[in-house]
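Participant: Spelled out from the first residue to the last, the chains are:
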Amino acid sequence: MAEMHEDWQERQLAALLAAGLRDRFAPHFDTRAMAAVRAAQAQGGLADMAERMAQACRRVAVPAAVLSLMIAAYNVGAGSAPFETVGTFVEAAFSIPPATPDTAFSL
Amino acid sequence: MDIGPASTDADLIDLAAGGDPCAFRELVRRYEATVARTVHGMLGNTADADDAGQEVMVRLYRALATFRGEASLGTYVTRIALNVCFDQLKRRRRQAWQFWQADEDEQVGLADPHDTGAAIEAAQAVQRALVALKPDYRAVVLLRLLHGYSTEETADIIGIPVGTVLSRLARAKALLAAELEDYLDG
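Heads up: the protein sequence lines correspond to chains A and B, in order.
Heads up, the first sequence is in the numbering used here, so the first residue is 1 and it goes up one at a time.
Heads up, the second sequence is in the numbering used here, so the first residue is 1 and it goes up one at a time.
Be aware that one or more of the hints could be misleading.
[As the list claims (entries may be wrong)] Examples of chain B residues toward chain A, derived with CB under 10 Å: (1) R29; (2) R37; (3) T38; (4) G41; (5) G53; (6) G148; (7) A177; (8) D185.
[To be verified] Covered stretches of chain B (chain A as the covering partner; in silico rule of three or more C-beta atoms under 8 Å from a C-beta of chain A): (9) 67 to 77; (10) 137 to 146.
Hints are computed from structural coordinates only; laboratory data are not their basis.
Using N, Cα and C, we set each Cβ at its ideal position, and we do this for glycine too.
Full structure from sequences and hints, please.
Facilitator: Set out below in structure tokens:
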């Protein structure tokens, strides 16, 4: 008996929910949804392009940094003078002539 | 291929995944009612319900290419709609820290202009009763009572054990019955 009452009550609640909840959005929902899809596609396209550019930068930057370190290591290894300052280390690493008032703006 | 009510979901999915906007628009039309009922049940008839509906369709479009047809599209759409609603409810909770908690009546929202007085009153009572439930309970009620999924299907869609579905449903039905006493016979 209790089970029958529970089933009856469940059916009534289901009917109330079905009648009480709107089954449509505001008019022209399909048009708004399609516009949202297109906007999301455009945003996705921009995000993809940014990611591709970031990947390209990473592809160039990482080998460049490695190459730079290799050159630095080679030059440091080839030099013989002890490095008293950071300036002398950089100078030896990249074979940069020391800047003087005469050479500083000679580029 | 002609796109229309006679087209199968599988055909429309293939065409839409291939970039056919007409096919996707037909899917939107076909599943608007499923999404609308889920969203209005979870969020109330509020302004953000329409935004949530659009978000559901965007997520559906993105997922079409990976849709494997293990569940029906209706079940898949319902699952997406619930996820969107839970995200929306989380956002509301975060905003409640900044702007005071939204009034319950605001969540009940405006009635359908086509409804009569008694229907409006009943609809608002239903929505007020639903809003009073915890969102986890609301989801179970909507899937079991409104969409007619079995207990096992409901458990699968939400990702909770069958026992939890049964206990939440029993509690939710008792709360709804108490809130909607005036509208129930016997």
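Participant: Could you tell me which of the hints above the structure violates, numbers in ascending order?
Facilitator: Hint 9 is the one this structure does not satisfy, whereas the remaining hints hold.
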